[in-house]
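Visitor: Mind docking chain X on chain A? Use the hints.
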Amino acid sequence: MSKEREFLWRRLHSLLGVIPVGLFLAFHLSLNFTAVGGEQAYNDATGMMDKVPPALLLIIEWVVIYIPLMFHAFYGVYIAFTATLNNKRFSTFRNWMFTLQRVTGVFLVVFIAWHIFQTRIQKALGAEVEFNMIADIVANPVMLGFYIAGILAATFHLANGLWAFLVSWGITQSPRSQQIMTYVTAIVFVILSIVGVAAILAFV
Amino acid sequence: MPTTANTGRMVKIEILRQDTEGGQSRTEKFSIPYRHGMNVISALMEIQKNPVTEDGKKTTPVAWDMNCLEEVCGACSMVINGRPRQSCSALIDQLTEPIRLEPMKTFPVVRDLQVDRSRMFNALKKVKAWVPIDGTYDLGEGPRMPERKRQWAYELSKCMTCGVCMEACPNVSEKASFIGPAPLSQVRLFNTHPTGAMNKDERLAQIMGDGGLANCGNSQNCVEACPKGIPLTTSIASLNRAATVQMFKNFFGSDHMVD
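Keeping their order, the protein sequence lines are chains A and X. With numbering that gives the first Met the number 0, the residue at position 83 of the first sequence is 82, and numbering never jumps. With numbering that gives the first Met the number 0, the residue at position 155 of the second sequence is 154, and numbering never jumps.
Chain A on its own, in the form it takes in the complex (with noise of 0.2 Å):
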């Protein structure tokens, strides 16, 4: 039965996009935000997440985060090279949404890959998770501009995700409803790029 299961599995890629990736990353955004409050704010928020026993915890990371957000990100780099860009013939608002789509999703999976290996992975080797972690990765200026580029790529591709999931799912189908969809994902776009870009840089 693994033929016409292609329908299935995109439409799950979309979903999975909004519920629970795109959820998780305004979570994880905002929990970011604390830092703006200062060291100890911050340290007082993450250090919650220790009251969770570790083995729920790790049941929830993977079920919540890891297996959905590998599926995601293969399965979209499945689709992105599947695509033939031509934007150079038809430079529409649209078809530059549609390119950016997949230029920030492939490199979503690498800054991501790398940043769960700077910090998830350095946790298990027995690091301790806490404001100095992330301040001495964006100490360094590189890492630091390779972070804001993280973060603002996943917010764009979460809000245009989201306008994609409208009409995907068949919720706007006229031009109108999509165009008012347009104003909305970019507005969404603006305000979790503030809070994620405020949060990074209350580290430096």
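If you're looking for bench data, these hints aren't it; they were derived computationally from the structure. Just so you know, these numbers come straight off a predicted model, no measurement behind them. By construction, the Cβ of each residue, glycine as well, lies at the ideal position given by its N, Cα and C atoms. Wrong hints could be hidden among the right ones.
[Unchecked claim] Per the computed footprint, the stretches of chain X lying under chain A, defined by three or more beta-carbons under 8 Å from a beta-carbon of chain A, are:
id, region
1, 172-180
2, 207-216
3, 219-225
4, 231-239
[Said to hold, decoys possible] In the EDC-like style, the derived pairs of lysine to aspartate or glutamate whose C-alpha atoms are separated by at most 20 Å in a straight line are:
id, chain 1, residue 1, chain 2, residue 2
5, X, Lys127, X, Glu146
6, X, Lys124, A, Glu3
7, A, Lys87, X, Glu13
8, X, Lys248, A, Glu3
9, X, Lys248, A, Glu5
10, X, Lys174, A, Glu60
11, A, Lys87, X, Glu223
12, X, Lys104, X, Asp18
13, A, Lys87, X, Glu96
14, X, Lys125, A, Glu129
15, X, Lys174, A, Glu5
16, X, Lys127, A, Glu3
[To be verified] Derived contacts from chain A toward chain X, CB cut-off under 7 Å, selection only:
id, residue
17, Glu3
18, Glu5
19, Phe6
20, Thr81
21, Ala82
22, Thr83
23, Asn85
24, Arg88
25, Phe89
26, Thr91
27, Arg93
28, Phe97
29, Ala163
30, Trp168
31, Gly169
Guide: Okay, now just chain X, sitting in the frame of chain A:
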């Protein structure tokens, strides 16, 4: 007999040529005498009469497809100055020179500007883009179609299977299995027809298979490119909703296939 009013003006045309299917391609440049009201097809006919390149080298006549010459058959589609469109309605006066002609490479190129659009015709068969009316006895008249519905459905019926939307779509290519915008919009057309709607679940099942509806990436180039102004992206979004409903019906097991 002179066929041209000699204005002395020459039209520069560059054509991407290819002798055999899957063969090497090359660009040949031509310079032909201008005539008032000329279109790309009459320019190609001029080259056919005297197949000599700009620098005087003798070559073979350029091959292309054409039929109706009034933008309703779709046969003469090609990429003109980067945009896929019909060559019969492409007027020389409205094009920047040198005019570059290329085949629609999203399809297999047969020769020069000729492409094989079988992929689209097979897709129409796959999605059952017709209204089945045959029975073992006289089925009588079908249900009436409301006039206002007929009017907008008429817009969808203008599709001439020209392939321009397929060429414009970044997800349609020989390396991808996507069925493309035109056949999808035809599903909406025939699922709208009161008699056609009696088999709407069968058409939806086809586009909910591999290479179907979900492979649309929402670049919306199709609706930009369509020479007939068919609301292709609205059709796709509308089918997305129909497919969502059908998906739940299929899974949770509604016992009625249609409505």
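Visitor: Does the nearest C-beta of chain X fall within a distance shorter than 7 Å of the C-beta of A/Arg93?
Guide: OK, holds: A/Arg93 within 7 Å of chain X, min 4 Å.
Visitor: Holds or violated: A/Gly169 as interface residue toward chain X, Cβ cutoff 7 Å?
Guide: With a closest approach of 3 Å, the A/Gly169 hint holds.
Visitor: Taking the least C-beta to C-beta distance, is A/Phe97 closer than 7 Å to chain X?
Guide: Hint on A/Phe97: holds, closest Cβ of chain X at ~4 Å, below 7 Å.
Visitor: For the pair we were handed, A/Lys87 and X/Glu223, check the Cα-Cα distance against 20 Å.
Guide: holds (14 Å)
Visitor: So, A/Ala163 near chain X? Judge it on the closest CB pair being under 7 Å.
Guide: holds (5 Å)
Visitor: For the region 219-225 of chain X, count the residues whose Cβ lies under 8 Å from any Cβ of chain A; is that count three or more?
Guide: Our answer is that it holds, as 4 residues pass the Cβ test (under 8 Å) against chain A, meeting three.
Visitor: Can you verify the interface hint for A/Asn85: is its Cβ closer than 7 Å to any Cβ in chain X?
Guide: Since the shortest Cβ distance to chain X is 5 Å, the answer is holds.
Visitor: Can you confirm whether the C-alpha distance between X/Lys104 and X/Asp18 stays at or below 20 Å?
Guide: At roughly 14 Å apart (the allowed maximum being 20 Å), X/Asp18 and X/Lys104 satisfy the hint.
Visitor: Should the interface hint for A/Thr81 be scored as holding, given a Cβ-Cβ cut-off of 7 Å against chain X?
Guide: holds (4 Å)
Visitor: For the hint on A/Glu3, just tell me whether its beta-carbon gets within less than 7 Å of chain X.
Guide: holds (4 Å)
Visitor: Is A/Lys87 within 20 Å of X/Glu13, Cα to Cα?
Guide: holds (19 Å)
Visitor: Quick check on the hint: A/Ala82 CB to chain X CB, less than 7 Å?
Guide: Holds, because the Cβ-Cβ distance from A/Ala82 to chain X comes to roughly 5 Å (cut-off 7 Å).
In the structure shown, a violation is registered for the earlier hints numbered 5, 10, 14, in ascending order.
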